[in-house]
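Given only the sequences and the hints, what does the whole structure look like? Please build it.
Residues -23 to -1, 1 to 360, numbered by mature numbering (1 follows the signal peptide of the UniProt record, and there is no 0), are exactly what the sequence shown covers, in order.
Keep in mind that the hints were calculated from the coordinates and are not lab data.
Hints are not guaranteed to be accurate.
Between beta-carbon pairs, the in silico distance windows are [as the list claims (entries may be wrong)]:
no., residue 1, residue 2, range
1, 82, 152, 19 to 27 Å
2, 226, 325, 27 to 35 Å
3, 234, 131, 19 to 27 Å
4, 82, 147, 28 to 36 Å
5, 150, 326, 37 to 45 Å
6, 21, 148, 37 to 45 Å
7, 41, 233, 52 to 60 Å
8, 233, 38, 25 to 33 Å
9, 358, 263, 49 to 57 Å
10, 21, 355, 13 to 21 Å
11, 358, 123, 32 to 40 Å
12, 42, 17, 40 to 48 Å
13, 314, 263, 21 to 29 Å
14, 223, 260, 30 to 38 Å
Ideal placement from N, C-alpha and C gives every residue a C-beta, glycine not left out.
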Amino acid sequence: MALIRRQWPVSFTALLVASAALAGCSSGDATGSSGRTASVSGLATAEKKVAASQAAVTDYPVPTTGVRGVAKFKGRKVYYIPFLQQIPAFADAARSMREALAKAGLSQQVCDGKAQPSAIAACVQQAMAADAAGIVLDAVPYGMAQNALDAAKAKGIPIVIADQDPPSGFTNSNQVTYVAGVTTQPSAIAWWAIADSKGKADLIITESADNPSATKYVTDSLPIYKKYCPDCTVKVKVITASTPALLASNASSNILANPKATYYFTQFEDSLQPTIQGIQQSGRSGISLSVTAGSVNGLGLLKGNSAVKAVVAVDEAYAAYALTDEILRMMTKSGPVEEPIPMRLFTKQNIGSIKVTAAAQASGEWFGDASFQEDFARLWSVG
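Now the structure itself:
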């Protein structure tokens, strides 16, 4: 599922801002190689990675083990609690999850987390009062509603935490399971920037300080530039959803402070439009903009004549079925399984192959076909 920025205490955000300032990196030689040799080798690797990530899905990673005992939960309700319901990706996930649950004989209740710990806790309490069969939280750190979630766990309600990394040492169980989602989206942008620039990218990355998992995903992408693009320059800047009115001016300031920058990566779509405004305010041209967790908005800009040149999108339809599969396995004590979720990189090279519509996004056809829906349904009806 698509990660978005999370509201965290100011002290936590400030700590991330300070650490990210130290993490901003510039190019260096690849280990044991000259810059030229590393650049040629890195470019070839990047081009292969980009070609693979642009391709449609031909083999969905649906689990192979059936889920026995689903029928006894017929008519029960699963609560879906997104961090913020108005985000388009969550709306798509909720719609597909409702369809998936219906195939298994269950229903869905959506409760808006409203980006607030108190609202998320209230949703969990509502689920307990309704004797929910399971709870799926999307992009919500466990700690944002720990007391309520601990109470739900004690009551025996299984809990899935989607789009978050588990704490160090945590082991998934039939009580609580983490489905991290697509953690490599910033890495896909790294490969694209290297390939598109022919190994010469001067890149600004704006990293979300509101979600520790999102911060980690950017951090994990930085070694790609260092190893495979010694002639790239990469600077990491921190932004926060707690000051949305400043996003455009932040983008403008970042560009003016780095006059040689030719690439700009903003992590989530809620900052995309302000970033475009900031680029315009800076008076700079020739900036290639990229974004992850893309939807109709980002892909529409990519398809049009805009600064957006690369968008990574997650298959929200598939993700919803995968999360449904996971909660059903936990409800039936079948044990959690790995649930990989497809993503796809879109550029000018492949954007023409899809319809940029909300219906197309919701169906999953951006990524391949809908065969996974019946594949999952068969797993849930084995008896």
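Verification of the supplied hints:
1. One distance hint, 19 to 27 Å for the beta-carbon pair residue 82 and residue 152, holds here, with the actual separation near 23 Å.
2. Take residue 226 and residue 325: their Cβ atoms lie about 29 Å apart, and the range 27 to 35 Å holds.
3. Roughly 51 Å separates the CB atoms of residue 234 and residue 131, a value that falls outside the hinted 19 to 27 Å.
4. For residue 82 and residue 147, the Cβ-Cβ distance of about 31 Å falls inside the hinted range of 28 to 36 Å, so the restraint holds.
5. A hinted range of 37 to 45 Å holds for the C-beta pair residue 150 and residue 326, which are about 43 Å apart.
6. Take residue 21 and residue 148: their Cβ atoms lie about 39 Å apart, and the range 37 to 45 Å holds.
7. The given range of 52 to 60 Å is respected by residue 41 and residue 233, whose C-beta atoms sit roughly 54 Å from each other.
8. Checked against the hint of 25 to 33 Å, the pair residue 233 and residue 38 fails, with Cβ atoms roughly 44 Å apart.
9. Against the hinted window of 49 to 57 Å, the Cβ-Cβ separation of residue 358 and residue 263 comes to about 55 Å, which satisfies the hint.
10. With their beta carbons about 41 Å apart, residue 21 and residue 355 fall outside the hinted range of 13 to 21 Å.
11. As the Cβ distance of residue 358 to residue 123 is approximately 36 Å, the hint placing it in 32 to 40 Å holds.
12. Residue 42 and residue 17 have their C-beta atoms about 45 Å apart, which keeps the hinted 40 to 48 Å range intact.
13. Checked against the given bound of 21 to 29 Å, the beta carbons of residue 314 and residue 263, roughly 46 Å apart, lie outside it.
14. At roughly 19 Å, the beta-carbon separation of residue 223 and residue 260 lies outside the given 30 to 38 Å, and the hint is violated.
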